[in-house]
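Since the structure of chain A is already known, use the hints to place chain B with the ligands on it.
Protein chains: 2
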Amino acid sequence: MVKDGKMSLALLALVNGHHSAGWRNTASDTDTATDIDYFTYLAQRAERAKFDLFFIADTPGARIDHLDAYSRGPNYMNCLEPTTLLSALARGTERIGLGGTASTSFYEPFNLARLFASLDHISHGRAAWNVVTSSNDHAARAFGHAKLPPHAERYARAKEFVEIVRALWDTYEDDAIRFDKATGEYFDPAKFHPIDHEGAFFKVRGALNIARPPQGQPVIIQAGASNAGRELAAETADLVFNSDDTFEEAKAYYDDVRARVARFGRDPSTLKVLAGFAPVWGESKWEAEDKHRTLQELVTPMVGKQRVGQDLEADLSGLDPDQPVPLDIIPASANQHTRYFEQLVHMIKHERLTLRQLWQRYERGNKRVLGTAKDIADVMEEWFAGKACDGFMVICPQLPVGIEEFADHVVPELQRRGLYREDYSGTTLRDHLGLARPQSRYARTAEPAMG
Amino acid sequence: MVKDGKMSLALLALVNGHHSAGWRNTASDTDTATDIDYFTYLAQRAERAKFDLFFIADTPGARIDHLDAYSRGPNYMNCLEPTTLLSALARGTERIGLGGTASTSFYEPFNLARLFASLDHISHGRAAWNVVTSSNDHAARAFGHAKLPPHAERYARAKEFVEIVRALWDTYEDDAIRFDKATGEYFDPAKFHPIDHEGAFFKVRGALNIARPPQGQPVIIQAGASNAGRELAAETADLVFNSDDTFEEAKAYYDDVRARVARFGRDPSTLKVLAGFAPVWGESKWEAEDKHRTLQELVTPMVGKQRVGQDLEADLSGLDPDQPVPLDIIPASANQHTRYFEQLVHMIKHERLTLRQLWQRYERGNKRVLGTAKDIADVMEEWFAGKACDGFMVICPQLPVGIEEFADHVVPELQRRGLYREDYSGTTLRDHLGLARPQSRYARTAEPAMG
Ligand SMILES: Cc1cc2nc3c(=O)[nH]c(=O)nc-3n(C[C@H](O)[C@H](O)[C@H](O)COP(=O)(O)O)c2cc1C
Ligand SMILES: Cc1cc2nc3c(=O)[nH]c(=O)nc-3n(C[C@H](O)[C@H](O)[C@H](O)COP(=O)(O)O)c2cc1C
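Protein chains in written order, with full-length UniProt numbering: chain A, 1 to 451; chain B, 1 to 451.
Calculated directly from the structure, the hints in this document are not laboratory data. Here the structure is a predicted model, which means the values were calculated and not measured. Among the hints, a few may not be true.
A pair counts as met if it fits within one copy or between any two copies, since identical chains are not told apart.
[To be verified] Straight-line alpha carbon distances no greater than 30 Å define the calculated BS3-like cross-link-like pairs of lysine-lysine that follow:
#1 285 x 203
#2 50 x 159
#3 181 x 291
#4 191 x 147
#5 285 x 181
#6 159 x 191
#7 147 x 50
Chain A on its own, in the form it takes in the complex:
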């Protein structure tokens, strides 16, 4: 169950890629956003490359404002729901982990615990839940709120939410189900543990109606960048996503979260850190750069302004693309993605770019490498060997081509260097990540055998 010094790899599966113009540059003539065969192909491609995890990001709600910009691509506007999508993918794959996002701000803990426990059974131990608090007012409005609750309240709710879900997953002990046809005992009531939770946000009294998941507990992912987000990860997560774009920042993040983990009395190696990593592969560096430029040129001013405006939490629609962004329209602080907001503020204040230059250069965090397999593997080796992360969340600007090229060119290079597995050695996502299967909180320590 121990990982032998290899890195972990996850694939962020956004329809036609992370880049807002990814879909305009695919070979496909038809929409793949809701096409289960297409997603099965992506997951199988990543599985053939022995990825640890296939990952679906999510926001529970479509934008209803600025449709001139948001109607210009599928991402987060037209997508299959993560738990149903991953359950279907469980039947087209054998080994790869299947992770998806669900928001603690807009789900009931009982329903969510069931969905991921069920996915873990259906996939034979490959489920992961990415715990997010959501960062969009438009999602909040779909659930009866006027806007998003404040950041601190969202994280307090998330913490309580995760506690409840974990307790529910432990309802049945591993050996509770007897299936004793002779006596009629289906399960042992002494190994069945209802909860009676009453907290600041939730009252949950009851028991989960599903046997303990194959992984004991599905893998918990966290991706918050703020202090509250890091604390939640350090206390409860098995896996955390980071999106720093320099080695130094990533290294500082790695050291920071591991120190936090230790402060919660956990072994720091039980929280795995995956760094967001956006590779563009080419036969040569020039080819890779050319691919990137082609994509950037497909970004219209409307979309460019909207992408920057969203993360800056400011309306840029009236501005001249060829002038610098005026400083007085920048809000005092962020309520959504602190990390992206600060990155933009920094670029605006220190680089004196025009708005057009800003949208052409700005990428939401993540290390970007344009180059050959060697160029890409060099950076991955530097980060991994230098202990800035335990592996990478591969974020392809374009799909499916991004995973095809990464699998065919970069993975073999990593394997040649001994940095990446040649094959899976276990069957569950916890096995791939080198994480132990958690004992039930109710399990009695085994008595030493007599004699």
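Only chain B with the ligands this time, still in chain A's reference frame:
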């Protein structure tokens, strides 16, 4: 798209069957409750027999009281969550409809709309949602309530819930997605319709982030027996389950709901009625009766008292099995399943049975037939030809054997009589049921073509 006078068939897929002792009598030595391969086999078996629908019942919560009885079987205590289970089954089947229960009392409309829209895409138009208001206090407690809200309030909430879900499913018009790579128009904002709902129970402002489902709207099922339940079915459902156990009652029910449908200004034939039907097949009538007796004898007094006590909403645990049930312990009215409650009260008052006789004879509604393929098909033909229903919800006391025998012996007999399809003629569940694909509420009537 019009059904040619054939009946519809659905399979109620409770782990090892509807009978509380079904699991004790299977060939299997290991638990199949969370085994996706087992459920895939059941669904494929029903699909080979050309069933319209594979159906998963559900309650969001396990019992935590009377575990001495509830630990004696898997049903509702250990089960895969319906939408994830059905999404996985969508990948192991091609044609059969996939229906599951989800409660309007304990879900958010936005989350539920997404889950079933996603299932409809994943299954290429085979999804159905069974709208229930739940009838268990133990479920209510898992969602922060002290007990179940009153019946009328639950149904008022259900009505509003269904309205919201249907409106969300219509977010995108059928031709909203353009996927125009040249111009960058992914969808047409004029064909994208957010809702702004404010009602007695919910405030939902937003838009569903998924293209219109292949069926336009997934099939809506309703199974309420009360006046409120029938009204909800008549106003909103495509399919309704009935559980009367005599032809006369079923016929009265059929006429009643169709009259209600007409009062809502709908064509009565747009609501299909499936009668609950529990067949036990044998080479001879004696063999079938023997099978049934074997099962009944496996019911322990603890389980027998609990099954009756639950539906009677009374605690029978202290009673002598060999005395009649005292009339003074019967509550004045039911808050859970009115139908079952009344059936029991009738049996107690008019048949003067002992408690043991009561649990041995009592079945939750549904027409039961023990006999040969001819015996079983005779009753089905009588009900169907006599317009007491449009088809049957086949409720096997034991699985998988129940569906195997029904498929191998009863289905061919129905086909011989011209009562049942030889093969699917369409691809969606709406096709199988003979229900038109609903137009989007926003669709403009086509202009007559010029010239
Ligand atoms: C790789 C990665 C994936 C993420 N996926 C999601 C997602 O699916 N849904 C979401 O709402 N937020 C997602 N986030 C955002 C984070 O959960 C978090 O909200 C954000 O980084 C802001 O951090 P903070 O909440 O601690 O301020 C993701 C972040 C990263 C780095
Ligand atoms: C075939 C059939 C399947 C049903 N499935 C469910 C179910 O999965 N979950 C549930 O809570 N109730 C289920 N019910 C119960 C009904 O939804 C309803 O609550 C019950 O018949 C009582 O009717 P009333 O609510 O109108 O009083 C089912 C009923 C029938 C006949």
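Consistency of the hints with the structure:
1. For a Cα distance limit of 30 Å, the shortest separation of residue 285 from residue 203 qualifies neither inside one copy, at 56 Å, nor across copies, at 52 Å.
2. In this assembly of identical chains, residue 50 and residue 159 lie within 30 Å of each other by CA distance neither inside one copy nor across copies; the values are 32 Å within and 48 Å between.
3. Taking identical chains as interchangeable, the C-alpha atoms of residue 181 and residue 291 lie at most 30 Å apart only when they sit on different chains, with a minimum of 17 Å there against 63 Å within one chain.
4. Taking CA atoms no more than 30 Å apart as the test, residue 191 paired with residue 147 passes between copies only; the shortest distance there is 26 Å, against 43 Å inside one copy.
5. When the C-alpha separation of residue 285 and residue 181 is checked against a cutoff of 30 Å, the pair qualifies only between copies, where the shortest distance is 27 Å, while the shortest distance within a copy is 66 Å.
6. Taking the shortest alpha-carbon separations for residue 159 and residue 191, only the intra-copy value of 26 Å comes in at or below 30 Å, while the best inter-copy value is 39 Å.
7. Proximity of residue 147 and residue 50 under a CA criterion of 30 Å is satisfied in neither setting, with 41 Å inside one chain copy and 48 Å between copies.
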